[in-house]
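Protein sequences, first through last, are from chains A and B. Per numbering that gives the first Met the number 0, residue 0 is the first one in the first sequence, and the count goes up by one each step. Per numbering that gives the first Met the number 0, residue 0 is the first one in the second sequence, and the count goes up by one each step.
These aren't lab readings, by the way, just hints derived from the structure by calculation. Fair warning: there could be bad hints in the mix.
[Said to hold, decoys possible] No more than 27 Å apart at the CA atoms, straight line, and that leaves these computed lysine-lysine pairs for DSSO-like: (1) K30(B) to K30(A); (2) K445(B) to K411(B); (3) K110(B) to K6(A).
[Unchecked claim] Chain A is nowhere near these chain B residues, computed Cβ spacing over 12 Å in every case: (4) E107; (5) N113; (6) T176; (7) V178; (8) V312; (9) G330; (10) M420; (11) M439; (12) V452.
[Claimed, not checked] Footprint (simulated), chain B over chain A, 3 or more residues, beta carbon under 8 Å: (13) 10–24; (14) 43–52; (15) 75–83.
The structure presented is a predicted model; accordingly, all values stated were derived computationally and were not measured. No residue lacks a Cβ here, since even glycine has one placed at the ideal position from N, Cα and C.
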Amino acid sequence: MMNEFLKFIENNLQITYILILAIFVGVEVIKSIPAVLHTPLMSGANALSGVVIVGAILVMLHADPTDYVALSLGFVAVVLGVLNVVGGFAVTDRMLQMFKRKK
Amino acid sequence: MGILLNIIYLIATVTFIVGLKMLGHPETAKKGNLIGATGMGLAIVGTVFVHGQQVSPLIYILIGAAILIGSIIGWLIAIKVEMTKMPELVSLFNGFGGASAALIGLVEYGKNVNNATQSTTIVSGIIIGAITFSGSLIAWGKLNGSLKSVVRIPYYNIINNLVIIGIVIFAAFMVATGVDSQLLLYGLLATGLIYGILFVLPIGGADMPVVISLLNSLTGIAAAITGILYNNMVMLVGGILVGSAGIILTVAMCKAMNRTLGSVIFGAFGGAATTPGENKALGSIKSTNPSDAAIMMNYANKVVIVPGYGLAVAQAQHVIHELEELLTKKGVNVKYAIHPVAGRMPGHMNVLLAESNVEYNMLVEMEDINPQFSNTDIVLVVGANDVVNPAAHNNPASPIYGMPILDVENAKHIIVNKRSMNAGYAGIENELFYNSKTSMLFGDAKAALTDLVAELKNM
Numbered sequence: 000m001m002n003e004f005l006k007f008i009e010n011n012l013q014i015t016y017i018l019i020l021a022i023f024v025g026v027e028v029i030k031s032i033p034a035v036l037h038t039p040l041m042s043g044a045n046a047l048s049g050v051v052i053v054g055a056i057l058v059m060l061h062a063d064p065t066d067y068v069a070l071s072l073g074f075v076a077v078v079l080g081v082l083n084v085v086g087g088f089a090v091t092d093r094m095l096q097m098f099k100r101k102k
Numbered sequence: 000m001g002i003l004l005n006i007i008y009l010i011a012t013v014t015f016i017v018g019l020k021m022l023g024h025p026e027t028a029k030k031g032n033l034i035g036a037t038g039m040g041l042a043i044v045g046t047v048f049v050h051g052q053q054v055s056p057l058i059y060i061l062i063g064a065a066i067l068i069g070s071i072i073g074w075l076i077a078i079k080v081e082m083t084k085m086p087e088l089v090s091l092f093n094g095f096g097g098a099s100a101a102l103i104g105l106v107e108y109g110k111n112v113n114n115a116t117q118s119t120t121i122v123s124g125i126i127i128g129a130i131t132f133s134g135s136l137i138a139w140g141k142l143n144g145s146l147k148s149v150v151r152i153p154y155y156n157i158i159n160n161l162v163i164i165g166i167v168i169f170a171a172f173m174v175a176t177g178v179d180s181q182l183l184l185y186g187l188l189a190t191g192l193i194y195g196i197l198f199v200l201p202i203g204g205a206d207m208p209v210v211i212s213l214l215n216s217l218t219g220i221a222a223a224i225t226g227i228l229y230n231n232m233v234m235l236v237g238g239i240l241v242g243s244a245g246i247i248l249t250v251a252m253c254k255a256m257n258r259t260l261g262s263v264i265f266g267a268f269g270g271a272a273t274t275p276g277e278n279k280a281l282g283s284i285k286s287t288n289p290s291d292a293a294i295m296m297n298y299a300n301k302v303v304i305v306p307g308y309g310l311a312v313a314q315a316q317h318v319i320h321e322l323e324e325l326l327t328k329k330g331v332n333v334k335y336a337i338h339p340v341a342g343r344m345p346g347h348m349n350v351l352l353a354e355s356n357v358e359y360n361m362l363v364e365m366e367d368i369n370p371q372f373s374n375t376d377i378v379l380v381v382g383a384n385d386v387v388n389p390a391a392h393n394n395p396a397s398p399i400y401g402m403p404i405l406d407v408e409n410a411k412h413i414i415v416n417k418r419s420m421n422a423g424y425a426g427i428e429n430e431l432f433y434n435s436k437t438s439m440l441f442g443d444a445k446a447a448l449t450d451l452v453a454e455l456k457n458m
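This is chain B alone, in the form it adopts within the complex (with noise of 0.2 Å):
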């Protein structure tokens, strides 16, 4: 490898790090994501010329036309998706990173099974690329809904557990030795897969947001893992700043659970917890409807808007953002409360209504909006559940005890808008619901804040 390409490779290293801290603060942000992509750029466009090589036209061909078809389906599917599509896109991607990491292991293991270094790297490579790809796959569609969303596998921890062991078995008798065989290395490959497989499978609703981090971190793993294979130093940094920056929103993520990473990779959500006819004196629910919410609305002070995962569901943004400018016109206080996992991925609510054009500083994080409930008139929860589930505090045997929730039960009244009393995502019930302070607006988000914003025109 000529000094030019290293170089080439340096200035591309520079780039990641410095983009990916430009992404961290809103004034660079954009620039910083431009940044990051010039210099991956560079790094293939040189690793593709640069690279010093008698190579076969036959094969310039075809890099060039997987890079041409990758970028072309790649740019298409960007531009067109619906911002609501986000969490499940960034799946599928992360994904696809994961595959390839785990491909190049394949070609590489023949290669290099006499040297115990390379090949330990190879197949973690394989291993974490695999789990990574199938482990997406199934996150991309319980996203989109295709897949049930909570699978429940008897003994799965057991199972779990099983598969892990076997894996490291596996793999460690590979290196140990140093077999080459393909029906073995397509088995790892396979064993690897199931892992993703049963590791995303029973995780749901709330835990999403830390699963799709932790993906992406190691994704990040994967192709810090090939750089150390190639003694690439471009990959290296590069995966492991990836690696770090999803570590460290998993962890914020895990936090604002209040849960270990542990329980929520061993102890899928709700497992236990929904005992059927636990419905003890709930009491009754109160209904209304959309014309007695807007009188409320209209002579309110303060109104703060809870929004959740059903908003971009039913792709409320739109009408939800016209209420408010509706009601901050009539003199009301609005604000949106954002709880760090509302959504199915870190800051889904904010991307959410960003689109739509709510103003930042109408968005109020956890810690900021909580002491404010007390003076609050009325909190409008739209298609939000488990965030605002008292149970988080006076329930030690609800599986969400102890998380830190929104704690709207504060306010002086509580609209919560639901398609039906069904359970939220985690299958736990909410006596929310049943609090006397609560009315429930029943119907699809888009259509009864629709419905509510007729009323409040009409006043």
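Chain A extracted, bound-state conformation (with noise of 0.2 Å):
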């Protein structure tokens, strides 16, 4: 068990890299975030994580055109993941919107 980790880290140290130094900037980059600003980050930060189209993106174009299974939940995740995306930046600056109105 511990081998294959160990293999795993070798194999793949440039992403471990930089999975490591992600988390440090997502730390940084988001601690001591006022209050007022809770509800924005966050859905912001949601539609971000619709970034996971790009994967249902590579799924559509590497399936084989007569492969339906495969085509048809590329379809559905390719949805799903426009919807995370558009609904999260557009509720987001609609948020920000109102914020900002007033001053």
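From the two separate chains plus the hints, produce the assembled complex.
Have a look at this one:
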């Protein structure tokens, strides 16, 4: 088990580095957010998690045109991912618009 | 994958970091959101057009159609929804992201069964995606009121732990044997979905902001896992950023309630707390009417308004702003006291009051307002309950014991607007209502405040 783990790290050294550095970047970027922005931050971050749509598009691009199962699952994945992205950014924008109006 | 696409992904990754950073400051937040959205658009367009593979036109048409459908629906929902419905909407969108990650895993599993690293990644993506999806849908249902707020399942902890252990064993078995069975794959998906339901179903009320930020974080992790699968940095970094943001908010929310994450997840609020018949000599309550309340407020020097979830439910954010303006015009010093977990998502009250144009500087956070209550004439509590419950200070048996609260009982007089004497979301008696300084103003928040405003106008 330990060997497997070490092998995984060795084979994916670059990605492991990026993973760990990204965690630190995330924590540094987000810490000490004023409470007034908690909701827009959450909603904006939520929209960013829709980046999974890139994977959904890749699924469809790699799919065999006769593989209907992969195509339909991919199709639904793309629709849901886009919903997350577009809906998330749009709603965050609307929220921030409200904050701005009275300045 | 060509160098051009990689550069596009690199740019997108940078926009995510910059965008998220800017979202953290009031002046730059709106621009930050747009920058993130632009990066996302680039990443999507780049993936579709610059991937450098031979793809049949049918697939292009399908991808285009899917993007179009998702964009239109997402846009319409986002534009049409009322601001008070924000928590459930964020949950719903979040669930979609999780579902997307799980579906990707379903397709990729069959192609990668012989590679233990890849199949571990895929299996984790399916499980986390499924948990996020069903959990977010349950949260959505709870927040929009279609699900009964707190569901208690017998032997909840045991069942919950068994399901987790079951999932881990199931997943390990699939990875170890490299079995390519659609039946098992969908079985795994189903167990993930079931766990998501079990996880969120018993959580209620004041714990909701914690759950929502946690689910948000999980979707990010699911996206990052998918990024590892495709060796795709924009997904990896984007997902991790969201994961960190969610965890930080989750921890902040837990801290605001003086609870550990574990106790939120494993010890559903109020589980054993509401031993009925414990209403021992809490005293009697005193009710008041809008006209008396208006007189009191008219002659006060300082009024602090404590908004809670009830304000959102009654859609009373506009009328409360009217009340506040009216009092200010009469020379009363008015502030809003915002508890970090008031409402059903982090920052809920801020968004709600911003919608009705309340000035930022009138909203005071808990640490700053607490010392001010002793020289406050009147506290008006509207639709809040647990965040002003003194049991948090003086009743070690209470499930909210130790949670920092707004010390409204230090004020000279407290007016509590509530629909009825029903216990709050957490199902805990609130002795504040029986305090001799407290008057209850029963009624729907919007109706009661409208009457209050009308009375004040006549003075």
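Here is what the structure says about each hint:
Taken as a hint, the K30(B) and K30(A) pair is honoured in the structure, with Cα atoms around 19 Å apart against an allowance of 27 Å. Distance restraint check for K445(B) and K411(B): the Cα-Cα separation of roughly 25 Å lies within the 27 Å cut-off, and the hinted pair is therefore satisfied. Between K110(B) and K6(A), the direct Cα distance comes to roughly 22 Å. Compliance with the 27 Å bound is thereby established for this hinted pair. Look at E107(B): its CB is around 7 Å from the nearest CB on chain A, not clear of 12 Å, so calling it non-interface is violated.
The Cβ of N113(B) lies farther than 12 Å from every Cβ of chain A, with a closest approach of about 15 Å, so its non-interface assignment holds. Here T176(B) stays apart from chain A, with its beta-carbon at least about 15 Å from theirs, past the 12 Å limit. For V178(B), the requirement that its beta carbon stay farther than 12 Å from each beta carbon of chain A is met, with the minimum near 18 Å. The Cβ of V312(B) lies farther than 12 Å from every Cβ of chain A, with a closest approach of about 17 Å, so its non-interface assignment holds.
Interface exclusion of G330(B) from chain A stands, the closest Cβ pair being 22 Å apart, more than 12 Å. With 12 Å as the threshold on Cβ separation, the claim that M420(B) sits away from chain A holds: the shortest Cβ distance comes to roughly 30 Å. No beta-carbon of chain A comes within 12 Å of the beta-carbon of M439(B); the shortest separation is about 29 Å. Taking the minimum C-beta to C-beta distance to chain A, about 20 Å, the non-interface status of V452(B) holds against the 12 Å cut.
Check on the segment 10–24 of chain A: 8 of its residues sit with their Cβ under 8 Å from a Cβ of chain B, so the three-residue criterion for coverage holds. Check on the segment 43–52 of chain A: 10 of its residues sit with their Cβ under 8 Å from a Cβ of chain B, so the three-residue criterion for coverage holds. Counting residues of the segment 75–83 of chain A whose CB lies closer than 8 Å to any CB of chain B gives 9, which reaches the minimum of 3, so the coverage claim holds.
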